[in-house]
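Student: Take a look at the letters that make up each chain.
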Amino acid sequence: MFNYKFFHHTADAKFQAFGQTLEETFSHAALAVASLMWDWKKIAKNIDIPLIVEGKDLEQLLVNFLEEILYLLDTRNFLLGLAENVSLEKKDGTWSLHALFRGDVNEGEYEIYGDVKAITYNEIIINDREPFMVQVVADI
Amino acid sequence: MELKRIDANTWEIPRHANMRVSAVIYASDKLLAGVKGDKTLLQAKNVACLQGIQRKAYVMPDAHQGYGFPIGGVAAFDLEEGVISPGGVGYDINCGVRLLKTDYTERDISDKRKLLLAEIFKEVPAGVGKGGTTRLSRRVLEEVCAKGAEWAVANGYGTKQDLQRTEENGRMQEADPSFLSQRALERGVPQLGTLGAGNHFLEIQKVSEIFEQDVAEVFGIHSIDQVMVMIHCGSRGLGHQVASDYIRLMENKFGIRGLPDRELINAPIRSKLGNSYYKSMSAAVNFAFANRQMIAHWVRQVFQKVIGSSEGMDQVYDVCHNVAKFEDHTIEGRIKKVCIHRKGATRSFGPGRREIPEIYREVGQPVLIPGSMGTASYILVGTSKAEELSFGSTAHGAGRVMSRHEAKRRFRGEKIKEELEQKGIELRSTSWRGVAEEASQAYKDVDEVVRISHEAGIGQLVAKVVPVGVMKG
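So the sequences go chain by chain: F and B.
So the first sequence is numbered by numbering that gives the first Met the number 0: it starts at 0 and just counts up by one.
So the second sequence is numbered by numbering that gives the first Met the number 0: it starts at 0 and just counts up by one.
Derived by calculation from the structure, the hints in this document are not laboratory data.
Any given hint could be a false lead.
To be verified - Part of the chain F face toward chain B, derived, beta carbon under 7 Å: (1) Ser-95; (2) Glu-108; (3) Glu-110; (4) Tyr-120.
Quick caveat, the model's predicted, so the values are computed rather than measured.
Every residue, glycine too, gets a C-beta built ideally from N, C-alpha and C.
Just chain F, with the same shape it has in the complex:
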């Protein structure tokens, strides 16, 4: 069973991520995004970054969550190796997500082979019941 897989999409990167739970599916989606830029399996887990993001619906929550990878890359040179302890909660109409990003700061020892400009809402699908699946198109 793949954690994520990519599809043919002319200008961009379209993928689906899977998991036993929606939380696990979100964490696999994070790895799919990372895989567009670096080999996440090769990233040492030297640094932990706790994360809290919000969204007014699940789609926005997922987009905001995945955007964190790009933000941390640009501002801290942080390369994601794993997304752990993802938890989701809905309160007063707003979704929030807690997670732990584990990875390393790139001082030039890792190859970065691609650029992701943004996470888009284009063709976004969230299957929040079994079988859990999210589909995302990244602008690259």
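Once you've looked at the hints, dock chain B against the given chain F.
Tutor: Relative to chain F, chain B alone:
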């Protein structure tokens, strides 16, 4: 969906269902076949449904599926009734192209070509997550975003003449960096003066064909084998963040109900949010202008160092490929100010427009259309006809036909480098995989794109350039 043929290279989606205007596509049969394979036409139809859209929604010859608007989409909106949409500009705000001429021919630099490229590769930071050499304070970054290339020139990067030869003179006056989010500024701080990655590149080129000698002369293009330098990059993470921020803010304010595509989210131009998006987007446009200004300066320095002189390395022009701005256009016989969105399209103003530099005003503006890695790029000239046919716009590049994933699977970066070397093209990159993803086979035929632009009359061929040295992020 009904598609009506108007002439050899013009197609129309007649107004139907919720469309407020019709949509017009400039494409040959071959290009249209490609466009039909994705969602470009549906997206053009969706754009034609937006409130306050004027005349028609236009689709350029290199169009392909985007988010909300197609890439290669052009639309103008009434200032009172109309909307502004981050999806109509794109994530890479003011992704654009700058072209420098030189007085050298290929022979003058032939034995130093490798060294030139190596030095440029050293001086111009590139690649993902690669910061610039100039780390700015937040205050300085805000100044960059307010003043654009003007800031760069005032700080020793380039000349006043460069500014005159840049769209908007290198500065969108409406920019207001106080509307930028903390995150946008944070992402901008390490990235000023960097090329980035993806499809962005810097090429040393030579003129291989001149189609329109008189116009070419005006642009400073005199002879075959003349060396040129092309810089293709944008506003990096700062611009991406502006787009993401305002998509979210507009969603939260106006909701997504009734939108055929979530990325078509928009705000009335006259609303507070529409206004703050415009001012933030303009700030990102300025960041990109300053970015290309600095890179151009470093390229001149390298020529100075390696060849002995950078004299005559005048800027031909600098164009935006992703932008929204206010322009005068003729609507139903009357000249009217509208908010034009060009997403993956180049402004293509003909003779006489006051927006273009005086030296080009008699012939029309230079239009710079980069090809894919290792293939030809083109210099066109804007036309008056384009103002009637496409709000003064034409194509912006080749446009992908193959996903990066597929390209990576099929090609190897090292092999591509070898093949280019056999053709006399040097290549430097931060990543082999990145090179494979940008293989020219993954792109449309740029020759066909510019031919259709020329035949449709929305941008006329002036010269063709081919690379001799390619630097990829």
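Student: Hint by hint, which ones does this structure get wrong, listed from lowest number up?
Tutor: 1, 2
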